[in-house]
Amino acid sequence: MDFEKLRNDFPMITNHPELVYFDNAATTFKPKCVIDAEMEYYNNYCANTHRGDYDIAYQADVKFDESRKIIANFINAEKKEIVFTSGDSMSLNQVAYGLMNRLEKDDEILVSLVEHASCLLPWYRVCEIKGCKIKFIPVNAQGEITVDNLLKVISNKTKIVSIAHISNVLGAINDIKSLVKIAHDYKAIFVCDGAQSVPHMKIDVKDLDVDFLTFSGHKCYGPTGIGVLYGKYHLLKDMEPLCLGGGMNATFDVACNVKYLDSPEKFESGTQNIAGVVGLAKAIEYLNNIGMNNIFEYEKELKRYLIEKISVLNNIKIYNPDNKTGIVAFNINDVFAQDAATLFNHYHICVRSGEHCAKLIHNLLNVDATVRVSVCFYNTKKEIDYFIDVCKKGGDFLDAFFA
Amino acid sequence: MHFSLSNEMMREVIMDHYQNPRNKREESDSSYQTVYMDSTSCIDKIYIQVKIENNVFSDVCWHGNGCAISTASTSIMTELLKGKTVDEGNKIIDNYYAMIHEKPYDPDLLEEAVVFMNTNRQPSRIKCATISFRGVRRILGGSEDDE
Chain A
1 MDFEKLRNDF
11 PMITNHPELV
21 YFDNAATTFK
31 PKCVIDAEME
41 YYNNYCANTH
51 RGDYDIAYQA
61 DVKFDESRKI
71 IANFINAEKK
81 EIVFTSGDSM
91 SLNQVAYGLM
101 NRLEKDDEIL
111 VSLVEHASCL
121 LPWYRVCEIK
131 GCKIKFIPVN
141 AQGEITVDNL
151 LKVISNKTKI
161 VSIAHISNVL
171 GAINDIKSLV
181 KIAHDYKAIF
191 VCDGAQSVPH
201 MKIDVKDLDV
211 DFLTFSGHKC
221 YGPTGIGVLY
231 GKYHLLKDME
241 PLCLGGGMNA
251 TFDVACNVKY
261 LDSPEKFESG
271 TQNIAGVVGL
281 AKAIEYLNNI
291 GMNNIFEYEK
301 ELKRYLIEKI
311 SVLNNIKIYN
321 PDNKTGIVAF
331 NINDVFAQDA
341 ATLFNHYHIC
351 VRSGEHCAKL
361 IHNLLNVDAT
371 VRVSVCFYNT
381 KKEIDYFIDV
391 CKKGGDFLDA
401 FFA
Chain B
404 MHFSLSNEMM
414 REVIMDHYQN
424 PRNKREESDS
434 SYQTVYMDST
444 SCIDKIYIQV
454 KIENNVFSDV
464 CWHGNGCAIS
474 TASTSIMTEL
484 LKGKTVDEGN
494 KIIDNYYAMI
504 HEKPYDPDLL
514 EEAVVFMNTN
524 RQPSRIKCAT
534 ISFRGVRRIL
544 GGSEDDE
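Going down the list, the protein sequences come from chains A and B.
Under our numbering, the residue at position 206 of the first sequence is numbered 206, and the numbers go up by one with no gaps.
When you read off a place in the second sequence, starting at 1, and then add 403, the result is the number in our numbering.
Extracted from the complex, chain A is given alone in its bound form (with noise of 0.2 Å):
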């Protein structure tokens, strides 16, 4: 595979030839055919779906349909437990706040410190209202949850295991598998965050055995405010909407009596994000024809690549050396991280610097804030090379301010 001819499918690199994006992890570029299958949508058959009394309407439907069989096969999921959503955020809010009528007063929900906000946030909500119990599952030094640190804290009263498959600022890949089987073992809901490893890995989630998955559109170089909560079918069936309105509904009367619709529908109040299914849908299309495997192993040499140039640097602290994807999470000694990001923008390299909506990761790591360097498969190793220069300058970082 030439990735390096990809980059001529991204109108955000043939338009910007100068920017080195390397905040992928936030979000990616969307290649021409995304876009264009957006906008198909808009040109040439913009009707509503489930209103198939006309031919654009019945393509609308069509189209939309095949998108979820597409989005399905790509996870090896069955249509029916493919649920749309706004993004990865309204996925997880829509399993804690559905599974909220499976939990009893003191409860245990399993998470971990390094989990993103929305993978805790929901969580704590609805302990507050059941009366259940947050704890957290130790992660060991490179941010990893084992399956040691697992069996030390799950228990009978433990219902649910919420954790990320790859976290969004470690970058480490956790052994979902192995810890799909102790979570079941003790009866216990497993809940997967796709976000991080969806678009670069292969998944499926027959394998993982995973009951939930859930992940964005527009980190897999599809559409911003489209998502996906995968589940399996039993579960989804028995989980209640968040949202209820139109399309969702089977029947309803004046006694107040409502009669849902079965899943995936019954999730999918209101008109749906058309536009942003099919283009998710290219964009996965997009990635099939590259092929995830493809993908993982040229990202895993971008990331050695990337670590090997910058170990020699004396000026440099990262925290995950030894992680295999694109995520590098570091500081530039005695430089605020914010400020370090600015010097790079000053050289037009996108980086994230903050605490990544992961606010109780920085108690382990013992800092305030790291930079955050994330690249995938349209990256090169000419611009790390370029990246690696910019690190040197890291005591110049007012430069930006006088430019």
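Certain hints may be false.
[Unchecked claim] Listed below are the simulated DSBU-like cross-link pairs for lysine-lysine, each with C-alpha atoms no more than 30 Å apart in a straight line:
#1 B/K448 to A/K392
#2 B/K427 to A/K393
#3 A/K317 to B/K530
#4 A/K359 to B/K448
#5 B/K448 to A/K317
#6 B/K427 to A/K359
#7 A/K359 to B/K530
#8 B/K427 to A/K317
#9 B/K494 to A/K392
#10 A/K393 to B/K530
#11 B/K494 to A/K393
[Unchecked claim] Derived Cβ-Cβ restraints for the label pairs, each shown as a range:
#12 B/Q422 to A/N366: 42 to 50 Å
#13 B/R541 to A/N140: 37 to 45 Å
#14 B/R541 to A/T224: 49 to 57 Å
#15 A/K105 to B/Q422: 49 to 57 Å
#16 B/M418 to A/N44: 26 to 34 Å
#17 A/R304 to B/G486: 54 to 62 Å
#18 B/R541 to A/D209: 45 to 53 Å
#19 B/N468 to A/T380: 44 to 52 Å
#20 B/E429 to A/C33: 50 to 58 Å
#21 A/V254 to B/R541: 23 to 31 Å
#22 A/C350 to B/G486: 41 to 49 Å
[Stated by the list, open to error] Take a look, some chain A residues computed to stay more than 12 Å from chain B by CB distance:
#23 N43
#24 D61
#25 K80
#26 L103
#27 P138
#28 K152
#29 K157
#30 K181
#31 G225
#32 G291
#33 D334
#34 V335
#35 F336
#36 K359
#37 D368
#38 L398
Just so you know, these hints were derived from the structure itself, not from any lab.
We treat Cβ as the ideally placed atom computed from N, Cα and C, and that holds for glycine.
Since chain A is already given, all that's left is putting chain B on it; use the hints.
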């Protein structure tokens, strides 16, 4: 005054206030009004504390953590407002906002704070350079809007 200020001098002033911030301490005295400034767009966490007696800023101090720009601008702000009347303080803040947004302003009122005159060239840093000024405005009950 700002005509004679080179980038190198401005840089030195910012680095000096960043590395040796003035009036950085936490006051537990209840006569101080405290405001906590943070935002979704940056990682600064800055507490501003102000004591106003007879309509005068008899003391201004701060504590917390921030980038070089927010730390230095906060440090400079505390020195600038200390001893001024509330009206004078408001006028300083108005002039500072005007400078940040490249509108006419009186540099003499701003003293060392003129080192932030180029902030507009780095729009992402405007929030850092104004954080403590907005904090004082919040304490005074005025609009925090720096436009």
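Evaluation of the provided hints:
Simply put, B/K448 and A/K392 have alpha-carbon atoms about 28 Å apart, close enough for the 30 Å limit, and the pair holds. This hinted pair checks out: B/K427 and A/K393 have alpha carbons roughly 29 Å apart, not beyond 30 Å. Our distance criterion of 30 Å between C-alpha atoms is met by A/K317 and B/K530, whose separation comes to about 27 Å. Taking the CA atoms of A/K359 and B/K448, the gap is about 13 Å. The hint holds against a cut of 30 Å.
Proximity of B/K448 to A/K317 is assessed by CA-CA distance (about 23 Å); at most 30 Å being required, the pair is judged to hold. Restraint check for B/K427 and A/K359: satisfied, since their Cα atoms lie roughly 25 Å apart, inside the 30 Å limit. Taking the CA atoms of A/K359 and B/K530, the gap is about 21 Å. The hint holds against a cut of 30 Å. Proximity of B/K427 to A/K317 is assessed by CA-CA distance (about 27 Å); at most 30 Å being required, the pair is judged to hold.
A distance of roughly 42 Å separates the Cα atoms of B/K494 and A/K392; the hinted pair therefore is violated under the 30 Å criterion. With a CA separation close to 24 Å, the supplied pair A/K393 and B/K530 stays within the 30 Å bound. At most 30 Å may separate the alpha-carbon atoms for a hinted pair to count; B/K494 and A/K393 exceed this at roughly 39 Å. For the hinted restraint 42 to 50 Å between B/Q422 and A/N366, the CB-CB distance of approximately 21 Å leaves it violated.
The hinted range of 37 to 45 Å is satisfied by B/R541 and A/N140, whose Cβ atoms lie roughly 43 Å apart. Checked against the hint of 49 to 57 Å, the C-beta distance between B/R541 and A/T224 comes to roughly 32 Å, which is inconsistent with it. At roughly 52 Å, the beta carbons of A/K105 and B/Q422 sit within the given window of 49 to 57 Å. For B/M418 paired with A/N44, a C-beta distance near 58 Å fails the hint of 26 to 34 Å.
At roughly 58 Å, the beta-carbon separation of A/R304 and B/G486 lies within the given 54 to 62 Å, and the hint holds. With their beta carbons about 51 Å apart, B/R541 and A/D209 fall inside the hinted range of 45 to 53 Å. Judged by the Cβ atoms, the range 44 to 52 Å given for B/N468 and A/T380 is violated: they are separated by roughly 35 Å. With their beta carbons about 56 Å apart, B/E429 and A/C33 fall inside the hinted range of 50 to 58 Å.
A hinted range of 23 to 31 Å is violated for the C-beta pair A/V254 and B/R541, which are about 51 Å apart. The given range of 41 to 49 Å is respected by A/C350 and B/G486, whose C-beta atoms sit roughly 43 Å from each other. With a minimum CB-CB distance of about 35 Å to chain B, A/N43 clears the 12 Å threshold, and the non-interface call stands. No Cβ of chain B approaches the Cβ of A/D61 within 12 Å, the least distance being about 39 Å, so the stated non-interface status holds.
With a least CB separation of 37 Å from chain B, A/K80 remains clear of the 12 Å interface cut-off, as annotated. The beta carbon of A/L103 sits about 30 Å from the closest Cβ of chain B, which is more than 12 Å, so the claim that it is off the interface holds. Every C-beta of chain B lies more than 12 Å from that of A/P138, the closest at about 25 Å, which supports listing it as non-interface. With 12 Å as the threshold on Cβ separation, the claim that A/K152 sits away from chain B holds: the shortest Cβ distance comes to roughly 32 Å.
Distance to chain B confirms A/K157 as a non-interface residue, since its nearest Cβ pair spans about 35 Å, more than 12 Å. Remark: the non-interface label on A/K181 is consistent with the geometry, its nearest Cβ contact in chain B lying 38 Å away (cut-off 12 Å). Its beta-carbon lying about 19 Å from the closest one in chain B, A/G225 satisfies the requirement of being farther than 12 Å from that chain. No Cβ of chain B comes within 12 Å of the Cβ of A/G291; the nearest lies about 37 Å off, and the non-interface call holds.
Interface exclusion of A/D334 from chain B breaks down, the closest Cβ pair being 9 Å apart, not more than 12 Å. Annotated as non-interface, A/V335 brings its C-beta within 12 Å of a C-beta of chain B; the closest such distance is 8 Å. Look at A/F336: its CB is around 4 Å from the nearest CB on chain B, not clear of 12 Å, so calling it non-interface is violated. A beta-carbon of chain B is positioned within 12 Å of the beta-carbon of A/K359; the least distance is around 10 Å.
A Cβ of chain B approaches the Cβ of A/D368 within 12 Å, the least distance being about 6 Å, so the stated non-interface status is violated. A cut-off of 12 Å between C-beta atoms contradicts the statement that A/L398 is not in contact with chain B; the least separation is 5 Å.
Hint check: violations occur at hints 9, 11, 12, 14, 16, 19, 21, 33, 34, 35, 36, 37, 38; the rest are consistent with the structure.
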